[in-house]
Amino acid sequence: MTIQEPLSITDIVDGLKHKPGALLPILHAIQEQFGFIPESAVGIIAKSLKQTKAEIDGVISFYHHFRTSQPGNHTIELCRAEACQSLGSRSLEAHAKTKLGIDFHHTTSDRKFSLDAVYCLGNCANGPSVRINDDIHGRTTVDKFDRLLEEYSAKSVSA
Amino acid sequence: MTTRIFIPCDTTALSMGADKLVSIFVAEAEKHNSTIEIVRNGSRGMFWLEPLVEIETSNGRMAYGPVEAQDVASLFESGLLTGSQQHPLALGLTEEIPFFKKQQRLTFARSGITDPLSIADYTSLDGFKGLKNALKSSGQQIVDEVKDSGLRGRGGAAFPTGIKWQTVLDVAAEQKYIVCNADEGDSGTFADRLVMECDPYMLIEGMTIAGLAVGATEGYIYLRSEYPVAHRIMNEAISRAEQAGYLGENILGSGRTFNLEVRLGAGAYICGEETSLLESLEGKRGLVRAKPPLPAIVGLFKQPTVVNNVLSFAAIPFILDKGGKAYADYGMGRSRGTLPLQLAGNVKQGGLIEMAFGVSLREIMEEFGQGTYSGRKLRAVQVGGPLGAYLPESQWDTLVDYEEFAAVGAVLGHGGIVMFDETVDMGEQARFSMEFCAVESCGKCTPCRIGSVRGVEVIDKIRAGDDAEKNLELLGDLCETMLDGSLCAMGGMTPYPVGSVMKYFPEDLRAKSISKEVQL
Ligand SMILES: Cc1cc2nc3c(=O)[nH]c(=O)nc-3n(C[C@H](O)[C@H](O)[C@H](O)COP(=O)(O)O)c2cc1C
Ligand code: SF4
Ligand code: FES
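Going down the list, the sequences are from chains Y and P.
Just so you know, we're using the UniProt record's numbering here: the first sequence kicks off at 1 and counts up by one.
Just so you know, we're using the UniProt record's numbering here: the second sequence kicks off at 1 and counts up by one.
Bound-form chain P, shown alone (with noise of 0.2 Å):
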């Protein structure tokens, strides 16, 4: 008999060393004179189990993690060819893992339970079935299911996905594109990135949709540079797609046409920013442009686009299969649906956590992410990437929800959960915040270009007490001036992380020049 291994291929699970895995299995299978067939998943997105191996077994797939090299051979010698759970790293069933069991999966329904290049196992579990829905509707029809399923944007602004998608139906034009921005520049994010990897078939069945939708028979996906392995499958996936019939011209005997290419980045966080973004696709510079004209009615080449994140069109297949119902009957308040939280930095238990609106940040971290990574007491959480508030302890039971992050000055952006233990000095990342704006800026507008250094500058002379009164004070005003007057976010938010930090963790701003004081 044949047992089947799975060995998952995501970024991470490569991170720590899943591919020399393969080789060991196979060699210690033959000592073992068993068959075997390794599968190459996807992730679970339990990151502090990676590598996660997993066995089929008559009552579902065992668990084993994480495993090293070196634990091979006690495996086998355990009996993890027949499911045993002799052996230390032994999980149980995978699905019976807490941190897996509690999660409300929507559009990571499949991720880490199928090879991600299979189009066998992508439609044995409900792919595109949405497409199909979607070539019996009309335009008008697709773009009203995703206004009825609440969709907001998922790459920031949680601008909602059906409105959008109406403006771009609305003009008239030779020429649409659907642009899918898998730029995932935050720092402690990566759903993007696991949808590429471990399920690109719901990222292009969800792109294909749109053009269906909006009347647009190009796509692009702006994929960052930093994700070599998401290129290599995104693309295989495209290639077999376009064999199988479900992308390129007459889709599935239809008549209608959607093409899909992959371009790289190339080490800009600003190319996440939309109309920056479209500029690079257009081979330039990647200049924000000034809004209006939106890309919606002048995009990509001057042509009308619709721009959404990964998880935007991922959500798709589930919407038009299900209903758009189906997918708001989760969530609260205007937050419909569900978010694929990730949880990193130094928590104990990192990974994806996918959850309807409403659950709590605590919940979360807790929960979920079992405290931090060192053991040490949580200080500080940075949520929504660099652009994002840092939230002390007292707001730790804000509950994720875009209204209640927005009412205590904090953003949930594209979900990204960042734990820093007590150790942090928050004056220095305050600096990196400023440091990052520097970095990245586009350069288009003063206040962000110049205030970000001047920041950087004048954290440093608070940090090493020199006038530290009035250089608090400035700093204020500086924050003041980058929040009136950036054309994007990046200038124009950068004081949310470094007001954050002067707000609710002013001693570390000060320490060292109140220690200077002192000693005077």
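Pulled out of the complex, with its shape left as it was, chain Y reads as follows (with noise of 0.2 Å):
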């Protein structure tokens, strides 16, 4: 079996800037391989895209997905929608922000966990709705959210 080499960034942007409106997928592919969009990424993207690192910028911030730090080893984003509302996502919040000592859009001091909003992951019937990485967890109790931590907390690398 070959080990993998991580792709650059460069290799990223040559193998999709040939898509008509290749701009979000590149973001993506950026993003899945690094976590994040490092600042370096966007004067590549700009050239090869023929267009303004203004441009770019415009684009990653206007969209909540894209971030431009390097998150922690698991990211958590708490639904804030109105199903959620109904079974009590505004108390598992204010939980979770203090358990975690954080507020939304950081990462803990020990960089193992990143909290994020969300606005409904689809699983309306069954909140409060978490996810963790690309895990799904549904009727997030507090105490539920807390077995949560302590089971990722373990997992060193996010899955």
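Source of the hints: derived by calculation from the structure; they are not laboratory data.
On a predicted model such as this, the values are computed, not experimentally measured, just so you know.
Incorrect hints may appear among the rest.
[To be verified] Partial chain P-side listing against chain Y, Cβ under 8 Å, derived: (1) I7; (2) S15; (3) V22; (4) G267; (5) R285; (6) G286; (7) L343; (8) E422.
All C-beta atoms, glycine included, are put in the ideal place defined by N, C-alpha and C.
Hints are included, so try docking the two chains, each in its own frame, into the full complex.
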């Protein structure tokens, strides 16, 4: 078995730039690889797509999903939308912030967890819903949330 | 003998621990020296029972749920593999469960029954029959069939799908596009997700038929990034459909071409608005475009484009297979066919309920939903997502029909129904509507961008008892301005939920101010 070299930003951009409307696929691929969009990527993308850096930055900042700094090992997204509100997501949110000691868009000092808001995960009959990395968890009571933190704490790299 | 066991693989089943069950079932079967085959089926949409495990028996599929890891041993002891009904989690025949039995499933006919990625399963239950008919028809014949069905877009605006397709068919262009709106941003909705996770070939078939109808060879599914499971399943389904000759070049030997690609959104609610979506697909910020021109004429990369919701495309295979009239036979008034409703929030029995138009909201919440999850009294219901009004009890007898809902100042939207029990603070809900608009506004027009921020401030003042009368008046004016001066429904409809709170739950907007005044 050969170990795959991680793709460089240039490799990623070169592999996707031919696509019509390539910018979002490029940004997704970079974030997938690095966990965020490094500042150095902006110039490479701009040059390759023949756009200005300001234009690329404008797109990155428009979309909530893209991050420009390194997240923690695990990314927690709490659903803040109405169906989850009806099942107590507001108190879960307060609990999560206290427990982790951070607000939304921040990372714990041990770099284990980043916390973000999300507006609906399509799991609205089984709320409150929480996404950790690519796993979605339903009926997230305060107790279940704490259990999840322990579970993911034990896994070092995000799965 | 091998017993087939079904453990669903949709997001909700997974969120309740379905994946963990697989290895536990395998280990338990080994202990009992039984041979089992585990099928990862889609979901039946009875979410309060997830993970809903089914066993195939000669009498039909038997259901057990919700099954947790610690239940598996006792389920085997009770004789689960023979379909025994001794266990407390036994639910009898799946299809006899009243929530399921009472539905009229046309679009969701296969959901939960099949392995979503099995083409054999799909074709054994009418899959690709519509496509085969479409390949034998002219574009105009396909469009006529869709017109006959009376299908109106399921994304929210309820525009007749056949008329939209006619417009695109009638424009001459080198390149046309089919774009599926799978941004499903509304809280309380998950029907698009279920289509993609539980019956993805239906969406592929519907979009391919649209391509054949209007003469488009390229299609995109704009999928929200909040749906990682749907993303994985949809991509796999596209690749299998291509390999099997149902998609790509020379579809089923017809010489016709249709290519399909999934593109991920990036967490912007406004990108569900069709012109913002097109901007995003082009690699730009999702700023809403002024209409006209309609996307049907100047759409993706300035070419004529069909933009439809997942559920609109998903209704097409049935229509091309059984005929537009068979679809139109369901429904009431100008709302033809069925609507996949999504019952969510504080509800005892939540999930997907596909019914012909004409059922009452109360029947959905009481007969299907069986009341609230908390067991407390139901107080308010938001229908149609974050831009939909909150309905008080006096409106719960409204029939599920676009015009009936409009008549009470409400919207059906994408069919999401979110229930709230009596502990809800409607003032807080009104505040959230404004906050959401402020977070998600594309920023193009002032009434939406600034009005929503002002709205939050004004509601805070009202709730703090700070000159409540004057600020309530100001809130009313602000809503007027947003309603009249916004380019799209984001700013233009945020006043719906806010206004419904002012009108039907005024005590919650004043509660704090009144108690403060009383204290003085
Ligand atoms: C703020 C806003 C958000 C919207 N979000 C969605 C969405 O998530 N999914 C969708 O299908 N339509 C959404 N729409 C409606 C689309 O603009 C458009 O009407 C629809 O995609 C057309 O498809 P249909 O005719 O099949 O409904 C949204 C509209 C607005 C104004
Ligand atoms: S109403 Fe809001 S979201 Fe819609 S175009 Fe105007 S600013 Fe953008
Ligand atoms: S509202 Fe939280 S998952 Fe939909």
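Consistency of the hints with the structure:
Against a cut-off of 8 Å between C-beta atoms, the interface hint on I7 (chain P) is violated, since the closest Cβ of chain Y lies about 16 Å away. Below 8 Å, beta-carbon pairs count as interface contacts, and S15 (chain P) has one with chain Y at about 4 Å; its hint therefore holds. Against a cut-off of 8 Å between C-beta atoms, the interface hint on V22 (chain P) is violated, since the closest Cβ of chain Y lies about 15 Å away. Because the beta carbon of G267 (chain P) sits about 4 Å from the nearest beta carbon in chain Y, less than 8 Å, this interface hint is met.
Among the interface hints, the one on R285 (chain P) holds; its C-beta lies about 4 Å from the nearest C-beta in chain Y, closer than the 8 Å criterion. With a least beta-carbon distance of about 6 Å to chain Y, the hint placing G286 (chain P) at the interface is held under the 8 Å criterion. Checking L343 (chain P) against chain Y by beta carbon gives a least distance of about 7 Å; that is within 8 Å, so the hint holds. For E422 (chain P), the interface hint is violated, since its Cβ never comes within 8 Å of a Cβ in chain Y; the closest pair sits about 11 Å apart.
In this structure, the earlier hints numbered 1, 3 and 8 are contradicted, and the remaining ones agree with it.
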